[in-house]
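What follows is the residue order along each chain.
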Amino acid sequence: MDKGYIENGFIVDVSNAHKTSEIIYELSRILDLPDAQSKKVCLKLGSVDLSVPELTSIKALVESMNSEIEFVSTSSNVTIKSAGEMDIEVSVLENKVPLPEFNANQDKVNKELEKALDKIFGDENSEIKTFPAESTLTELKKEVPQEYEFEENIENDDINTEIEDLNSESDELKGETEITEETSDVKTEEKAEEIFEKEIDDEELIKHLRETEKLPTLYIQRTLRSGQSITSDGNIVIIGDANPGSEIIARGDITVWGILGGIAHAGSEGNSYARIRALKMNAIQLRIADVFARRPDSINIPYIQKTDTFVPEVASVRKKQIIIQKLH
Amino acid sequence: MSGRVIVITSGKGGVGKTTTNANIGTALASMGKKVVMVDTDLGLRNLDLLLGLENRIVYTIVDVVEERCKLKQALVKDKKNPNLCLLAAAQTRDKTAVTEEQLKDICEKLKKDFDFILVDCPAGIEQGFQNAVAGASEAIVVTTPEMSAVRDADRIIGLLEAKEEITSYKLLLNRVRPNLIKSNDMMSVDDVVEILSAELIGIIPEDTGIITSTNKGEPIVNDEKSLAGQAYRNVARRIAGEDVPFLDLEEPKGVLAKVKKFFSGLKGKEK
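Chains as they are written, first to last, in this note's numbering: chain W, 1 to 328; chain H, 1 to 271.
In case anyone wonders, no lab produced these hints; they're calculated from the structure.
From the three backbone atoms N, C-alpha and C, an ideal C-beta is built for every residue, glycine too.
One should not assume that every hint holds.
Facing chain W, according to a computed beta carbon distance under 10 Å, are these residues of chain H, among others [as the list claims (entries may be wrong)]:
| hint | residue |
| --- | --- |
| 1 | G43 |
| 2 | L44 |
| 3 | R45 |
| 4 | G52 |
| 5 | I57 |
| 6 | V58 |
| 7 | K79 |
| 8 | Q91 |
| 9 | T92 |
| 10 | T96 |
| 11 | D154 |
| 12 | R155 |
| 13 | G217 |
Residues from chain W shown here face chain H by an in silico Cβ test under 7 Å; the list is partial [what the hints assert, rightly or not]:
| hint | residue |
| --- | --- |
| 14 | A17 |
| 15 | G227 |
| 16 | E247 |
| 17 | K280 |
| 18 | I284 |
| 19 | R294 |
Result set (DMTMM-like, lysine to aspartate or glutamate): computed pairs, CA atoms no more than 20 Å apart in a straight line [unchecked claim]:
| hint | chain 1 | residue 1 | chain 2 | residue 2 |
| --- | --- | --- | --- | --- |
| 20 | H | K111 | H | E138 |
| 21 | H | K80 | W | D297 |
| 22 | H | K12 | H | E126 |
| 23 | H | K112 | H | E101 |
| 24 | H | K79 | W | D290 |
| 25 | W | K81 | W | D49 |
| 26 | H | K77 | W | E89 |
| 27 | H | K216 | W | E26 |
| 28 | H | K72 | H | D105 |
| 29 | W | K39 | W | E26 |
| 30 | W | K39 | W | E63 |
| 31 | H | K111 | H | D154 |
| 32 | H | K70 | W | D49 |
| 33 | H | K109 | H | E138 |
| 34 | W | K39 | W | E85 |
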């Protein structure tokens, strides 16, 4: 009887071994793993000739590790004979698990993959084309007032002088929120349309967005923790979260495959076409070139619940303001 | 204007230095004083979080020291109280980014514009502590009624006494649990004062509201009902020079006592 797989067991492939000692060494190493305890073992032995005593010692080893030999697979007649004398089943290994069939048209797959990647990485080009103009607009309208408050140009002297004037501090704060309200309701509704219409035709913009493609990319596969700061002359991609208190500064784009909870500064050398992307945007502050936005006090929560239904978000600069769009 | 520079320190971590700083600062500011809080806990800053100002920090004390911005640019104003400012610590740097001289200089400059400069000191007695103390002339030593905290407070007081610039230090006893003291399971206030032989400036009862207030980024002094908030307000008044009696933390026991308390509370309100 041929067996392709074993229930509650696994296959140990030692077909490359030429000596019994090699088989024993490999077996003892594998069976020592915690997951390998109390399981059935199939030995794939290859062409090596094993006598009855040799096979006995291998069997004893397997049994001493709380496992048992289910069957062996071998191409050697000597081993088959030895196994027969010891009542060990000999079988041929065949992979009977059906392979998934790929019937799909390769072109179509590629296209879909590209589209999906574009969505994830927010390729502006395809995003604009695939979005119905109307829904994008409502998106904009919704996003702007809710998500972030805006401040222009941190380095700007206006604000510096405002801050300097300690006596009128409360007034300044009021001014700040007023700006937000103004931008949120009336203005964006009309202007968003205008801006968007313009951008669709604007090949210049697409060219600008492609600028960051030329930069090198720093690729980080871990969680960025509080106090850690990453600065790069190119783009930064983080697979993991950027926790509150962390800082990411990049000359190009910033992409966080996780929750962005710290400070992110894209286009640090002044490229206002740089983007910040994250699976969940919870940044304390977002900075693109010299434009600056901070998390509104109403949702000023340092840590947010992790779920499996994050909608990727992208932050960009439009009309000297940072806006955040959800990528559906 | 020449402000008072008060360092809030403890030696041991987790006894409530930052909470004390945020609450006393807020209380003093709501009394109409101009207050600036300086977080010197570089690399482990928390004061901004307690005040809910994390999202407003653009420049930090390190930016000031390294002359990337002016001192006044780095001052973050409180959301509610215009009298209250915060000079935040840098999160991505360590204690060596600032020297004692530089902190002294910053405190001197702040003295001109503020009544109170509250310096939040990091735990430990290393460079961070030395920096925080450098510009101060007064100190508040925060401790809890635990042997380890009292021992560390004793060590800190020793260090403070050795500093010429520190003219006075006061003791603030935090996280006091009257019922535990009563059952002899906790050192009493008198015990701690006796061991440390230092003048007491406040007794703060343990209050679960502190946890919620910390998470919300809202100091507990803003909560009129909280006993701990009341205690912190009293500390602020004492710092400002008022003579305020210590709160009676003993919860009255029995029905009669509760009724009595209820009526005395009513009387208080009528006044």
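Verification of the supplied hints:
With a least beta-carbon distance of about 6 Å to chain W, the hint placing H:G43 at the interface is held under the 10 Å criterion. Here the hint on H:L44 is kept, as its CB sits about 8 Å from the closest CB of chain W, short of 10 Å. At its closest, the beta carbon of H:R45 sits 8 Å from a beta carbon of chain W; the interface hint therefore holds under the 10 Å criterion. A hinted interface residue such as H:G52 counts as satisfied when its beta carbon comes closer than 10 Å to some beta carbon of chain W; here the least separation is about 6 Å, so the hint holds.
Taken as an interface hint, H:I57 checks out: its beta carbon lies about 8 Å from the nearest beta carbon of chain W, inside 10 Å. Satisfaction of the interface hint for H:V58 is found here, the shortest Cβ-Cβ separation to chain W being roughly 6 Å, below the 10 Å cut-off. A distance limit of 10 Å between C-beta atoms decides the matter here; for H:K79 the minimum to chain W is near 6 Å, and the interface restraint holds. The interface hint given for H:Q91 is met, as the beta carbon of that residue sits about 5 Å from the closest beta carbon of chain W, less than 10 Å.
For H:T92, the interface hint holds, the least distance from its beta-carbon to any beta-carbon of chain W being 4 Å, beneath 10 Å. Given hint, H:T96 at the interface with chain W, is violated; its Cβ is 14 Å from that chain's nearest Cβ, farther than 10 Å. A least Cβ separation of about 31 Å between H:D154 and chain W goes past the 10 Å threshold, and the interface hint is therefore violated. Below 10 Å, beta-carbon pairs count as interface contacts, and H:R155 has none with chain W, the closest being about 27 Å; its hint is therefore violated.
Nearest Cβ of chain W to the Cβ of H:G217: about 7 Å, under the 10 Å cut. The hint holds. Hint on W:A17 is violated. Least Cβ distance to chain H is approximately 53 Å, over the 7 Å limit. At its closest, the beta carbon of W:G227 sits 5 Å from a beta carbon of chain H; the interface hint therefore holds under the 7 Å criterion. Below 7 Å, beta-carbon pairs count as interface contacts, and W:E247 has one with chain H at about 5 Å; its hint therefore holds.
The interface hint given for W:K280 is broken, as the beta carbon of that residue sits about 16 Å from the closest beta carbon of chain H, more than 7 Å. With 7 Å as the threshold, the beta carbon of W:I284 comes within range of chain H, its nearest partner Cβ sitting at about 5 Å, so the hint holds. Of the supplied interface hints, the one on W:R294 holds, with its beta-carbon coming within about 4 Å of a beta-carbon of chain H, less than 7 Å. At roughly 13 Å between alpha-carbon atoms, H:K111 and H:E138 fall within 20 Å of each other, so this suggested pair holds.
Only pairs whose Cα atoms come within 20 Å are accepted, and H:K80 paired with W:D297 is accepted, the gap being roughly 12 Å. Between H:K12 and H:E126, the direct Cα distance comes to roughly 12 Å. Compliance with the 20 Å bound is thereby established for this hinted pair. Taking the CA atoms of H:K112 and H:E101, the gap is near 18 Å; set against the 20 Å cutoff, the hint holds. For a cut-off of 20 Å, the pair hint linking H:K79 to W:D290 is broken: about 24 Å separates their Cα positions.
Using a Cα cut-off of 20 Å, the hinted pair W:K81 and W:D49 holds, with the two alpha carbons roughly 10 Å apart. Restraint check: the Cα-Cα separation between H:K77 and W:E89 comes to about 80 Å, which exceeds 20 Å; the hinted pair is violated. Between H:K216 and W:E26 the alpha-carbon distance is near 57 Å, which puts this suggested pair outside the 20 Å criterion. For the hint linking H:K72 to H:D105, the alpha-carbon distance of about 14 Å falls within 20 Å, and the restraint holds.
For a cut-off of 20 Å, the pair hint linking W:K39 to W:E26 stands: about 16 Å separates their Cα positions. Between W:K39 and W:E63, the direct Cα distance comes to roughly 10 Å. Compliance with the 20 Å bound is thereby established for this hinted pair. Distance check on the hinted pair: H:K111 and H:D154 sit about 29 Å apart at the alpha-carbon level, beyond 20 Å; violated. Of the pairs offered as hints, the one joining H:K70 and W:D49 is violated, with about 83 Å between alpha carbons and a cut-off of 20 Å exceeded.
With a C-alpha separation of about 17 Å, the suggested pair H:K109 and H:E138 falls inside the 20 Å cut-off, and the hint holds. Proximity of W:K39 to W:E85 is assessed by CA-CA distance (about 24 Å); at most 20 Å being required, the pair is judged violated.
In summary, the numbered hints that this structure violates are 10, 11, 12, 14, 17, 24, 26, 27, 31, 32 and 34.
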